[in-house]
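Given the sequences, and given the hints that come with them, work out the whole structure.
As a plain string of letters, each chain reads:
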Amino acid sequence: MSTHTLSVLVENSPGVLARVAGLFSRRAYNIDSLAVGPTENPDISRMTIVINVESHSLEQVIRQLDKLINVIHIAELKLDESVQAELLLVKISATTKNKFDVEAVLETYGASIVDEDAESLTVEATGDAAKISDLLNALERFGIRELAQSGLVAIERGSGSLADRTLSTQSIPTADSGQADYQN
Amino acid sequence: MSKKMSGAKSLVQSLESAGVDVMFGIPGGAILPAYDPIFDSSIRHILVRHEQGAGHAATGYAQVTGRVGVCIATSGPGATNLVTPLADAAMDSVPMVAITGQVPSAAIGTDAFQEADIRGITMPFTKHNYLITDPLEIPRAIAEAFYIASSGRPGPVLVDIAKDALQKETDFIWPKDLSLPGYHPQIEPENQAIKDAAALIAQSSKPVLYVGGGVIKANASKELMQLAELLGAPVVTTLMALGSFPDSHPQHFGMPGMHGTVGAVTALQKADLLITLGARFDDRVTGKLSTFAVNAKVIHADIDPAEIGKNRYADVPVVGDLKHTIAALIPALKAEFTKGRADLAPWLTAMNKLRATYPLGYDLPKDGSLSPQYVIERISAITGPEAIYVAGVGQHQMWAAQFVKYENPRTWLNSGGLGTMGYAVPAAMGAKVGAPDTIVWAIDGDGCFQMTNQELVTCALNNIPIKVAIINNESLGMVRQWQTLFYEGRYSNTSLESKRVPDFVKLADAMGCVGLTCDRMEDVDAVIKKANSINDQPVVVDFRVFRDAMVWPMVAAGTSNDDIKIAREIAPDWDSQEL
Chain P
13 MSTHTLSVLV ENSPGVLARV AGLFSRRAYN IDSLAVGPTE NPDISRMTIV
63 INVESHSLEQ VIRQLDKLIN VIHIAELKLD ESVQAELLLV KISATTKNKF
113 DVEAVLETYG ASIVDEDAES LTVEATGDAA KISDLLNALE RFGIRELAQS
163 GLVAIERGSG SLADRTLSTQ SIPTADSGQA DYQN
Chain B
304 MSKKMSGAKS LVQSLESAGV DVMFGIPGGA ILPAYDPIFD SSIRHILVRH
354 EQGAGHAATG YAQVTGRVGV CIATSGPGAT NLVTPLADAA MDSVPMVAIT
404 GQVPSAAIGT DAFQEADIRG ITMPFTKHNY LITDPLEIPR AIAEAFYIAS
454 SGRPGPVLVD IAKDALQKET DFIWPKDLSL PGYHPQIEPE NQAIKDAAAL
504 IAQSSKPVLY VGGGVIKANA SKELMQLAEL LGAPVVTTLM ALGSFPDSHP
554 QHFGMPGMHG TVGAVTALQK ADLLITLGAR FDDRVTGKLS TFAVNAKVIH
604 ADIDPAEIGK NRYADVPVVG DLKHTIAALI PALKAEFTKG RADLAPWLTA
654 MNKLRATYPL GYDLPKDGSL SPQYVIERIS AITGPEAIYV AGVGQHQMWA
704 AQFVKYENPR TWLNSGGLGT MGYAVPAAMG AKVGAPDTIV WAIDGDGCFQ
754 MTNQELVTCA LNNIPIKVAI INNESLGMVR QWQTLFYEGR YSNTSLESKR
804 VPDFVKLADA MGCVGLTCDR MEDVDAVIKK ANSINDQPVV VDFRVFRDAM
854 VWPMVAAGTS NDDIKIAREI APDWDSQEL
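Sequence lines, in order, name chains P and B. Its first residue numbered 13, the first sequence is counted upward by one per residue in the numbering used here. Its first residue numbered 304, the second sequence is counted upward by one per residue in the numbering used here.
Worth double-checking, as some hints may not be accurate.
Estimated spans, in silico, between C-beta atoms of each pair [unchecked claim]: (1) Pro54/P / Asp550/B: 51 to 61 Å; (2) Thr741/B / Pro185/P: 26 to 36 Å; (3) Ala859/B / Pro185/P: 46 to 56 Å; (4) Pro54/P / Ile411/B: 18 to 28 Å; (5) Ser124/P / Gln489/B: 45 to 55 Å; (6) Asn64/P / Gln757/B: 46 to 56 Å.
Simulated from the structure, these hints should not be mistaken for lab results. All values reported here derive from a predicted model rather than from experimental measurement. Every residue gets a Cβ at the ideal spot worked out from N, C-alpha and C, and that includes glycine.
In structure tokens form, the structure reads like this:
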């Protein structure tokens, strides 16, 4: 088994998340994480999907995804050719006594406190999976009360973009007595 | 051009613009607004008796004509009754558009009366689907649905329309062009792939053309014939491909797979190259995959890139429409042959000998009862290869695949992928609507027939005179065969007692059909001729056949094709064969 990050551009239309999630479920593909959000184009959303597959079936996953009409483009983002990040929000037990210790840890990881009261601190951090995991280990001794974590999002390094390369849409002529033209 | 009209009228006008000439359906509350303009439309609407019948009829129509089949139903149970035919059409790549009414948009999600999330339900087995709540979107959705259903690898598309979208006034604007940024089926194959394929074929000394239903979908039978005769290799046609290459051709080795001929199964097993054209390495063809054609390289040509490498690694993948692919392969292969080619003579000699040693056959029942294989063989011989044959699922389906002689594409319809019992009667109805001047025989089992025979009423009332041969062995015969072979003859719940109840002749009569019966070999020809002579009414013939006839050859599920049996516990005599 190996982990791959797919960046999937989809039409921003109702049901598209269900289509993608349903495909993974019915073909028994394992999703590690999935994150959906808008892109620079309001008609298009980006899904970042982390999957766990045998290497021979990665191609199958991509081809099956590509069959969904609402899926516009799929690219695998390799670790060394992309920037990858997850968002972590974690609530830890902290008092004025140990706040300095916590802050020292947070500084190391570029994390920050976004909410606090007498008994707890809420910390926000972003980074790749390894960094987030290290931070959580470091915070464990303070007592983790609750955590929320996003799926991974990723973007390729350099000036190129998936959208530039793939969104040349060709239009398909229809005829008035359309059906004959649709036959293959 | 834009015209003010109701969403319902816009829907009907869209269907007319898409070239629809017939649709099968049943009205109900949510779709009711559409039925008012349907009343005045040029489109022939055939009122069926069950929505499943509408769906399979659309499939039958599509399989025979190559056009998109259309069915229409209301929300909730009307829509869910279309689920089986949609799944069936998806598995067999049938171009179909299903229109369903949905509860009014304000009621969606409230568990309203007759509400079902049919878009959600059908996502796994439609090529695409829509939920329309804005009437302005109706023409574009219909235009896209027909384009998607019929292009690339064909498949079913469902358009679910909320009742208020049908009722509201809207502008009808038929789109001049479609923009589907995520859908670009590849028609032309890559040149390099064609060259690589031709080179591999020229080097092969044991090639086989492994032909699937894609050849029929692509209307590529002529091209296939040219390629086959240029190469001279054995041709095997899968269950979905019967008729794409004439059974009578000397290169035709028959159907491979679980109930395929020894010749076809062995040709695939012993080949050094599979030239795979529109086939998908289905488990019913490959048997145990790890033991399938272990010494063969694979050329896999298909319009659907996701089929390539799904079950079997392809040495040379070729993505494209098969008509274009085969047409490109022929000159490439001729060019390659000028440089030299492998000698096929030893391979052909061995395969021809094997085929001659193990032809398809059957024993007549020792108790003097009627042989089901004989009945089917005679229907074919008397009616001829210009007729259309439609089967249900089970033993009778396999016998119809084995013993009807097919010469032409689009003359054999069956539910290959999903294995839908009850397919035959409604699909035959749709086939007859698509080809009204052609004799259509449904070869059905007594189990299958009792699932969907109500559509004979539709046939009787709408001048759709199909013929139905019930191969009545009073059992769920294929299941019974497995119980005989794998469950020590413990016949749990497979006896239908259909020689006692129902009386199929009376049933046929009650449904406005001619009912005939036959249980003696000497009467078979006469009853078939009589059925063929009746063209103003549907005909049902109850052929009361031997209960324990079995389908042979057989590769048991999950076992290797090398373990094919030609009769119970009898394997071909491999030692006497030089392969």
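So, going through the hints one by one against the coordinates:
Judged by the Cβ atoms, the range 51 to 61 Å given for Pro54/P and Asp550/B holds: they are separated by roughly 57 Å. For Thr741/B and Pro185/P, the hinted distance range of 26 to 36 Å is satisfied, since their beta carbons lie about 33 Å from each other. Checked against the hint of 46 to 56 Å, the C-beta distance between Ala859/B and Pro185/P comes to roughly 51 Å, which is consistent with it. Take Pro54/P and Ile411/B: their Cβ atoms lie about 24 Å apart, and the range 18 to 28 Å holds.
The hint said 45 to 55 Å for the Cβ distance between Ser124/P and Gln489/B, and at roughly 50 Å that hint holds. Taken as a hint, the range 46 to 56 Å holds for the pair Asn64/P and Gln757/B, whose Cβ atoms sit roughly 48 Å apart.
The structure meets every hint from the earlier list without exception.
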